[in-house]
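**Student:** Single-letter residue listing:
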Amino acid sequence: MSSSSVPQLLLTGEHEAADGTELSLREAFALLRPRLRPPFPLRSPSSPAEYHQLILALAYGALSDHPRAARAHLVHLHATVSDGYSLFTRTLLHLSLHSFPRLLPSARARLLSVTSELIGTAAVGVDRLVVSLLRWVHIGDFSPPNLWLAEQLLGVLTLRWSWLLEEPSVLTSALFLFLRLLSDHYRLAAGDGRMDSLKSAEVGFCVRALREQFHLCVAIGRDLVRLLQDLVSVPEFRRLWEDLLIRPSDISRLYRRSTPAEYLLMGITPEMETRMRFLLSQVKTGSRRRYLEWFAGKFLRRPEQEAAAVDLVRFVCCAHHPPNEVLRSDVVPRWMMVGWLLTACRKNYFAAGAKLALFYDWLFFDEVNDSIMNIEPAILLMVNSVPEYVELTQTLMEFLLLLVDHYDEGRRDLILQSVRKAFREVVRKGVVQSLDALSTCSLISPALRESFTRLIHGSNPAQAQAVD
Amino acid sequence: MRLRDLVPSAANSVNTTFILLEKGHISSSKKKTGNKLQESRECLALVADESAAVEFLLWDSECEAFEPGDILRLTSGIFSFHRHKLVLRSGRKGRVEKVGEFTMLFVESPNMSDAALWTAAKKRRQEEPLGEGQLL
Numbered sequence: 147m148s149s150s151s152v153p154q155l156l157l158t159g160e161h162e163a164a165d166g167t168e169l170s171l172r173e174a175f176a177l178l179r180p181r182l183r184p185p186f187p188l189r190s191p192s193s194p195a196e197y198h199q200l201i202l203a204l205a206y207g208a209l210s211d212h213p214r215a216a217r218a219h220l221v222h223l224h225a226t227v228s229d230g231y232s233l234f235t236r237t238l239l240h241l242s243l244h245s246f247p248r249l250l251p252s253a254r255a256r257l258l259s260v261t262s263e264l265i266g267t268a269a270v271g272v273d274r275l276v277v278s279l280l281r282w283v284h285i286g287d288f289s290p291p292n293l294w295l296a297e298q299l300l301g302v303l304t305l306r307w308s309w310l311l312e313e314p315s316v317l318t319s320a321l322f323l324f325l326r327l328l329s330d331h332y333r334l335a336a337g338d339g340r341m342d343s344l345k346s347a348e349v350g351f352c353v354r355a356l357r358e359q360f361h362l363c364v365a366i367g368r369d370l371v372r373l374l375q376d377l378v379s380v381p382e383f384r385r386l387w388e389d390l391l392i393r394p395s396d397i398s399r400l401y402r403r404s405t406p407a408e409y410l411l412m413g414i415t416p417e418m419e420t421r422m423r424f425l426l427s428q429v430k431t432g433s434r435r436r437y438l439e440w441f442a443g444k445f446l447r448r449p450e451q452e453a454a455a456v457d458l459v460r461f462v463c464c465a466h467h468p469p470n471e472v473l474r475s476d477v478v479p480r481w482m483m484v485g486w487l488l489t490a491c492r493k494n495y496f497a498a499g500a501k502l503a504l505f506y507d508w509l510f511f512d513e514v515n516d517s518i519m520n521i522e523p524a525i526l527l528m529v530n531s532v533p534e535y536v537e538l539t540q541t542l543m544e545f546l547l548l549l550v551d552h553y554d555e556g557r558r559d560l561i562l563q564s565v566r567k568a569f570r571e572v573v574r575k576g577v578v579q580s581l582d583a584l585s586t587c588s589l590i591s592p593a594l595r596e597s598f599t600r601l602i603h604g605s606n607p608a609q610a611q612a613v614d
Numbered sequence: 228m229r230l231r232d233l234v235p236s237a238a239n240s241v242n243t244t245f246i247l248l249e250k251g252h253i254s255s256s257k258k259k260t261g262n263k264l265q266e267s268r269e270c271l272a273l274v275a276d277e278s279a280a281v282e283f284l285l286w287d288s289e290c291e292a293f294e295p296g297d298i299l300r301l302t303s304g305i306f307s308f309h310r311h312k313l314v315l316r317s318g319r320k321g322r323v324e325k326v327g328e329f330t331m332l333f334v335e336s337p338n339m340s341d342a343a344l345w346t347a348a349k350k351r352r353q354e355e356p357l358g359e360g361q362l363l
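Top line first, the protein sequences correspond to chains P and H.
Numbering of the first sequence is given in this note's numbering, commencing with residue 147 and proceeding in unit increments.
Numbering of the second sequence is given in this note's numbering, commencing with residue 228 and proceeding in unit increments.
The following block holds chain P by itself, in its conformation from the complex (with noise of 0.2 Å):
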């Protein structure tokens, strides 16, 4: 057969050069075509490399060519895989990585299909590759090519439950995806069939989580509760967040866990961490203005994907820490990013979610637990603000006094104390020189000033004195 019918993987434009991976499966699967057909070789594979083009060529062919030989591919891959399918799921979760955007339609509901059978047969490293689709779900993206891969992720996971109890940090990562979505979704009025479906499954999915699950969930930590916050108004969630109260050192211990990196990637796609971490470590300051134009363009410019800004700025904070080369350069500084992505937010929702995003780690942290890094962004845009953006450094001021008062009254202690400690802790370590420039700046109103001097201090002026 000619390798002009090869079918296709990729959508890939006039002008757009091939995709190396495509290529490379795309070669396989042409070559070794007639050997593809049932009735299949008993011989295994003579040698590794032939054994490589074979896999290739399989999961080429289990992708893009036509529903019955598809099947016949899978039968065959059955019959000859010798490696737990570990080159399988490998090159597929490469594919899922670099090029999930230019698949076809029709090879995205085969990579899902395929995916579920690896998961039936335990395929080495088949969790690696349901996240790394999990992480193209977007946040703020009702468009149906969305909804669609968050149905099916469903679907798929739902049918595979207890492979999952055997996967926490799957289970993890999708309830922290799902439950970020819910409160992406419930911002729609009901009424939209295919919404309310989708809906309806992850409210199921999710709570049955929690509810079976919640020494698992445990695993996410703070975030986890920041999460459900958003959804007190879903009745399932009400429910649910009553039942959590009642067992009030369940939300403690959720506290004083720093959400571990690997949750924060939930809310942004592959994309968008390159991306992100390409201006964190290699744009200078001075040209960073057309990159922040052209990211703004394809991920913040409709009114609903300002949702997104929220996981960037916790992404920001807690999961790009740069080395200490790059924060001493003049490449874009994590505090001008996270000034810029609050600036995106145009609608009051999304600002004060965003800035909760900024201060979350503060509420709770722990010196001993809790990784200066994280709270590094928020203290520095502050002072670097003044005195030319000082509105934004008063804004954030004022935010961080409201959190510490009403953010869960039944603990304004505990985080007025962690508050404190984070202050001392960016002057201890040097983030800045001191807090003087916040609370002797007359371009900050009286008012104010007092309520911060009050705030990190205590009411006490001896006290004052001692911290300084």
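Read the hints as simulated data drawn from the structure, not as lab findings.
Careful: at least some of the hints might be erroneous.
Stated by the list, open to error - Between beta-carbon pairs, the in silico distance windows are:
(1) H:VAL334 / P:GLY159: 26 to 32 Å
(2) H:VAL334 / P:SER151: 44 to 50 Å
(3) H:VAL334 / P:PRO394: 53 to 59 Å
(4) P:SER475 / H:LYS350: 34 to 40 Å
Yeah, the Cβ is synthetic: ideal placement off N, Cα and C, and Gly gets one too.
Given the coordinates of chain P, assemble chain H onto it according to the supplied hints.
**Tutor:** Structure of chain H alone, referenced to chain P:
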């Protein structure tokens, strides 16, 4: 090659990679070849790499194919005067294709299409006739 090393030439010999910074608007013109009326479009764009920037002339379907932030690879392109302006383009024999997005560093000066740059170089050469023959 780096954009900084471009020299005007009539040969289709430029192979390079750059990032698209800006696109002007697309203008179309009609030309009569034989008894057919052919429409063609062009669009002047600014592109750059880590060494320099240059104006790139997009032609026909290239005009819509690329957006700012796209990383493009040019093979067998040409850097020459086109309507009194020094521009880089793929020309009839060359080819430009998108190879990525966003993750490429660039500088915006010098701009190799800037006529003053070449006038200054020419003047320098005239003052130092025994120099190495370097353009810049």
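**Student:** It remains to establish, for every hint, whether it holds in the given structure.
**Tutor:** Checked hints:
1. H:VAL334 / P:GLY159: 26 to 32 Å: Distance hint for H:VAL334, P:GLY159 holds at roughly 28 Å.
2. H:VAL334 / P:SER151: 44 to 50 Å: 46 Å, holds
3. H:VAL334 / P:PRO394: 53 to 59 Å: 57 Å, holds
4. P:SER475 / H:LYS350: 34 to 40 Å: 38 Å, holds
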